[in-house]
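**Q** Assemble chains B, C, D, E, F and G onto chain A, guided by the hints.
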Amino acid sequence: MTKRPMEILDQALNRQPVIVSLKGKREIRGILQGYDVHMNLVLDRAEEETGGEVRKLGTLIVRGDNVIYISPLVG
Amino acid sequence: MTKRPMEILDQALNRQPVIVSLKGKREIRGILQGYDVHMNLVLDRAEEETGGEVRKLGTLIVRGDNVIYISPLVG
Amino acid sequence: MTKRPMEILDQALNRQPVIVSLKGKREIRGILQGYDVHMNLVLDRAEEETGGEVRKLGTLIVRGDNVIYISPLVG
Amino acid sequence: MTKRPMEILDQALNRQPVIVSLKGKREIRGILQGYDVHMNLVLDRAEEETGGEVRKLGTLIVRGDNVIYISPLVG
Amino acid sequence: MTKRPMEILDQALNRQPVIVSLKGKREIRGILQGYDVHMNLVLDRAEEETGGEVRKLGTLIVRGDNVIYISPLVG
Amino acid sequence: MTKRPMEILDQALNRQPVIVSLKGKREIRGILQGYDVHMNLVLDRAEEETGGEVRKLGTLIVRGDNVIYISPLVG
Amino acid sequence: MTKRPMEILDQALNRQPVIVSLKGKREIRGILQGYDVHMNLVLDRAEEETGGEVRKLGTLIVRGDNVIYISPLVG
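Protein chains in written order, with my numbering: chain A, 1 to 75; chain B, 76 to 150; chain C, 151 to 225; chain D, 226 to 300; chain E, 301 to 375; chain F, 376 to 450; chain G, 451 to 525.
Pulled out of the complex, with its shape left as it was, chain A reads as follows (with noise of 0.2 angstroms):
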């Protein structure tokens, strides 16, 4: 059984929080709204931790170029 890259994001939409690397050593989790073709993506009741804080961002669109890996979180 194979799977698309893009099979993976359907399944996460608007369930369990993913955890979305990306370039530059930043890591964003949030519920995953909508993609488009590109990899960009909505998030909602988005967090990004850095230097050990939490910053409570919303919605988000993250571009999705800046992308490294999108990983739906194990509940």
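Keep in mind the hints are simulated off the structure, nothing from the lab. Just so you know, these numbers come straight off a predicted model, no measurement behind them. Ideal Cβ positions, reconstructed from N, Cα and C, are used throughout, including at glycine. Among these hints, one or two may not hold up.
Simulated crosslink set (DMTMM-like; lysine to aspartate or glutamate; CA at most 25 angstroms straight-line) [said to hold, decoys possible]: (1) B:Lys-131 - D:Glu-232; (2) D:Lys-281 - F:Glu-424; (3) A:Lys-25 - C:Asp-215; (4) C:Lys-153 - A:Glu-27; (5) C:Lys-173 - C:Glu-203; (6) B:Lys-100 - B:Asp-119; (7) E:Lys-325 - A:Asp-65; (8) G:Lys-453 - D:Asp-261; (9) A:Lys-23 - B:Glu-102; (10) G:Lys-453 - G:Glu-503; (11) E:Lys-303 - E:Glu-349; (12) A:Lys-56 - A:Asp-36; (13) G:Lys-475 - F:Glu-428; (14) C:Lys-153 - C:Glu-197; (15) A:Lys-56 - B:Glu-82; (16) D:Lys-281 - D:Asp-261; (17) B:Lys-100 - B:Asp-140; (18) G:Lys-475 - G:Glu-503; (19) G:Lys-506 - E:Glu-327; (20) E:Lys-356 - C:Glu-177; (21) F:Lys-398 - B:Asp-140; (22) B:Lys-100 - A:Glu-53; (23) B:Lys-98 - B:Asp-85; (24) C:Lys-206 - A:Asp-44; (25) F:Lys-378 - F:Glu-428; (26) B:Lys-100 - B:Asp-111; (27) F:Lys-398 - D:Asp-269; (28) B:Lys-131 - D:Glu-274; (29) A:Lys-25 - A:Glu-53.
Only some residues are given here: those of chain A computed to face chain B with a beta carbon under 7 angstroms [stated by the list, open to error]: (30) Gln-16; (31) Pro-17; (32) Val-54; (33) Leu-57; (34) Asn-66.
To give a feel for the contact side, a few chain C residues facing chain A, derived at Cβ under 8 angstroms [claimed, not checked]: (35) Gln-161; (36) Ala-162; (37) Gln-166; (38) Ile-181; (39) Gly-184; (40) Asp-186.
**A** What follows is chains B, C, D, E, F and G alone, placed relative to chain A:
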């Protein structure tokens, strides 16, 4: 309910300020007045915070390929 | 006998883990479950080693443009 | 009232100086004389500030993919 | 007598090892088993030298956009 | 009066030297002998200044995507 | 008399060595044996100077997007 990235930009037009996080650890705030398909942005009453100081920039065109994320500020 | 890059990915699907070497000196291991033409990858039971520690990530979508090389582990 | 990025460039043509913020923490000022779809810019009476010193450059073609933002100076 | 880049890759297929110099000062050696138009490479019996140590990697897919140069080793 | 970027290059052909500012804080001077749509440049009697020393390079092809700006020297 | 970048490459084929300046402060010399539209190069009798030492590389394919400039050596 899923949302496409451009919808979020549409909803943020001419409302509360948005945070625009840029590559190179730069961050700009301003009122979103427009955008195009490359995520080039027009910001009004824009400010950049650098090294603790706030620089008032007025109207601003941000080139889309520098954008990491865009977040409408929750009022 | 020559082999095209995508053939190697095909042969590695759902088998032994692959090593995915990423830009920025990051490395991920996991079972390859899928890929597309951009070399976007779906990894299952993925792990990232950072600073000596192993972080278990479960299912993962890796954006292809961060990939340096992919190597099926020899069992 | 929404504005497209290229409109702002149009309004700034041959008027007050614009600030052009570039990658690599560089910044140039000058009168915008022209631009194209890649955001390549023609600046007149351009100056670059580097390390506290101002370098007078005259006419300048800036390659668009180095631009972070463009801001018409408020007089 | 002129040669196109892809001809050199053709002549190196399944012969003596090639050196693949990568961005970020990485270097891999291996037998070239295949390539495509993006200069994605398949290497067999691949080895990476990092910090004086040699890491044996077996079969490898190298993403073309990391390649700086490819040099067939002179035997 | 507006000017398109390529017009400025046209006017600078085979005249006074141009300064070509490159990524990575490099700078080259020379007589512009030609260019193409990618802003690849042909410079004649080119010189690069590195670390206070001037290196005479003769004829030079500069790849456009390294260019930050081009400025015709005011005589 | 204007010259297009590719003409200069044509004139340098199979003649005196060319200097190829690469991103990341690397530099290679060799006889230009071929090139394609992406400025991928084939060099013969190529040498790379790193840290004062010269490494003889024989035939080499340089990927065009690493090239900063190419300069035919004046004999």
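**Q** Each hint needs a verdict: does it hold in this structure or not?
**A** Verification of the hints:
A C-alpha spacing of about 21 angstroms is found between Lys-131 of chain B and Glu-232 of chain D, which places the hinted pair at or below 25 angstroms, so the restraint holds. With a CA separation close to 18 angstroms, the supplied pair Lys-281 of chain D and Glu-424 of chain F stays within the 25 angstroms bound. With a C-alpha separation of about 16 angstroms, the suggested pairing of Lys-25 of chain A with Asp-215 of chain C holds against the 25 angstroms cut-off. Between Lys-153 of chain C and Glu-27 of chain A, the direct Cα distance comes to roughly 37 angstroms. Violation of the 25 angstroms bound is thereby established for this hinted pair.
In summary, the hint linking Lys-173 of chain C to Glu-203 of chain C is supported, as the alpha carbons are separated by about 19 angstroms, within the 25 angstroms threshold. Among the hinted pairs, Lys-100 of chain B with Asp-119 of chain B is consistent with the structure: their alpha-carbon atoms are about 21 angstroms apart, no more than 25 angstroms. Using a Cα cut-off of 25 angstroms, the hinted pair Lys-325 of chain E and Asp-65 of chain A holds, with the two alpha carbons roughly 23 angstroms apart. About 23 angstroms separates the Cα atoms of Lys-453 of chain G and Asp-261 of chain D, which keeps this hinted pair within 25 angstroms; it holds.
Simply put, Lys-23 of chain A and Glu-102 of chain B have alpha-carbon atoms about 16 angstroms apart, close enough for the 25 angstroms limit, and the pair holds. For the hint linking Lys-453 of chain G to Glu-503 of chain G, the alpha-carbon distance of about 35 angstroms lies beyond 25 angstroms, and the restraint is violated. In summary, the hint linking Lys-303 of chain E to Glu-349 of chain E is not supported, as the alpha carbons are separated by about 30 angstroms, beyond the 25 angstroms threshold. Of the pairs offered as hints, the one joining Lys-56 of chain A and Asp-36 of chain A holds, with about 24 angstroms between alpha carbons and a cut-off of 25 angstroms not exceeded.
Restraint check: the Cα-Cα separation between Lys-475 of chain G and Glu-428 of chain F comes to about 16 angstroms, which is no more than 25 angstroms; the hinted pair holds. Distance restraint check for Lys-153 of chain C and Glu-197 of chain C: the Cα-Cα separation of roughly 28 angstroms exceeds the 25 angstroms cut-off, and the hinted pair is therefore not satisfied. Taking the CA atoms of Lys-56 of chain A and Glu-82 of chain B, the gap is about 21 angstroms. The hint holds against a cut of 25 angstroms. Distance check on the hinted pair: Lys-281 of chain D and Asp-261 of chain D sit about 24 angstroms apart at the alpha-carbon level, within 25 angstroms; holds.
Proximity of Lys-100 of chain B to Asp-140 of chain B is assessed by CA-CA distance (about 14 angstroms); at most 25 angstroms being required, the pair is judged to hold. The straight-line distance between the Cα atoms of Lys-475 of chain G and Glu-503 of chain G is roughly 14 angstroms, inside the 25 angstroms bound, and the hint therefore holds. Only pairs whose Cα atoms come within 25 angstroms are accepted, and Lys-506 of chain G paired with Glu-327 of chain E is accepted, the gap being roughly 15 angstroms. Of the pairs offered as hints, the one joining Lys-356 of chain E and Glu-177 of chain C holds, with about 15 angstroms between alpha carbons and a cut-off of 25 angstroms not exceeded.
Annotation: proposed proximity of Lys-398 of chain F to Asp-140 of chain B holds, straight-line Cα distance about 17 angstroms (limit 25 angstroms). With a C-alpha separation of about 16 angstroms, the suggested pair Lys-100 of chain B and Glu-53 of chain A falls inside the 25 angstroms cut-off, and the hint holds. Using a Cα cut-off of 25 angstroms, the hinted pair Lys-98 of chain B and Asp-85 of chain B holds, with the two alpha carbons roughly 23 angstroms apart. Between the alpha carbons of Lys-206 of chain C and Asp-44 of chain A the distance comes to roughly 24 angstroms, so the proposed pair stays at or under 25 angstroms and holds.
For the suggested pair Lys-378 of chain F and Glu-428 of chain F, the alpha carbons sit about 35 angstroms apart, so the restraint of at most 25 angstroms is broken. With a CA separation close to 23 angstroms, the supplied pair Lys-100 of chain B and Asp-111 of chain B stays within the 25 angstroms bound. Distance hint between Lys-398 of chain F and Asp-269 of chain D is fulfilled; the C-alpha atoms sit about 22 angstroms from each other, no more than 25 angstroms. Between Lys-131 of chain B and Glu-274 of chain D, the direct Cα distance comes to roughly 18 angstroms. Compliance with the 25 angstroms bound is thereby established for this hinted pair.
For the hint linking Lys-25 of chain A to Glu-53 of chain A, the alpha-carbon distance of about 14 angstroms falls within 25 angstroms, and the restraint holds. For Gln-16 of chain A, the interface hint is violated, since its Cβ never comes within 7 angstroms of a Cβ in chain B; the closest pair sits about 16 angstroms apart. Taken as an interface hint, Pro-17 of chain A does not check out: its beta carbon lies about 16 angstroms from the nearest beta carbon of chain B, beyond 7 angstroms. Because the beta carbon of Val-54 of chain A sits about 14 angstroms from the nearest beta carbon in chain B, more than 7 angstroms, this interface hint is broken.
Nearest Cβ of chain B to the Cβ of Leu-57 of chain A: about 5 angstroms, under the 7 angstroms cut. The hint holds. Restraint check, Asn-66 of chain A versus chain B: the minimum CB separation of about 5 angstroms is within 7 angstroms; hint holds. The closest approach between the C-beta of Gln-161 of chain C and any C-beta of chain A is roughly 12 angstroms, which is over the 8 angstroms cut-off, so the hint fails. Contact between Ala-162 of chain C and chain A, as hinted, is not supported at the beta carbon level, the nearest pair being about 11 angstroms apart and thus beyond 8 angstroms.
Given hint, Gln-166 of chain C at the interface with chain A, is violated; its Cβ is 16 angstroms from that chain's nearest Cβ, farther than 8 angstroms. Because the closest C-beta pair between Ile-181 of chain C and chain A is about 11 angstroms apart, greater than 8 angstroms, the hint is violated. Proximity of Gly-184 of chain C to chain A holds as hinted, the smallest CB-CB distance being about 4 angstroms (cut-off 8 angstroms). Among the interface hints, the one on Asp-186 of chain C holds; its C-beta lies about 6 angstroms from the nearest C-beta in chain A, closer than the 8 angstroms criterion.
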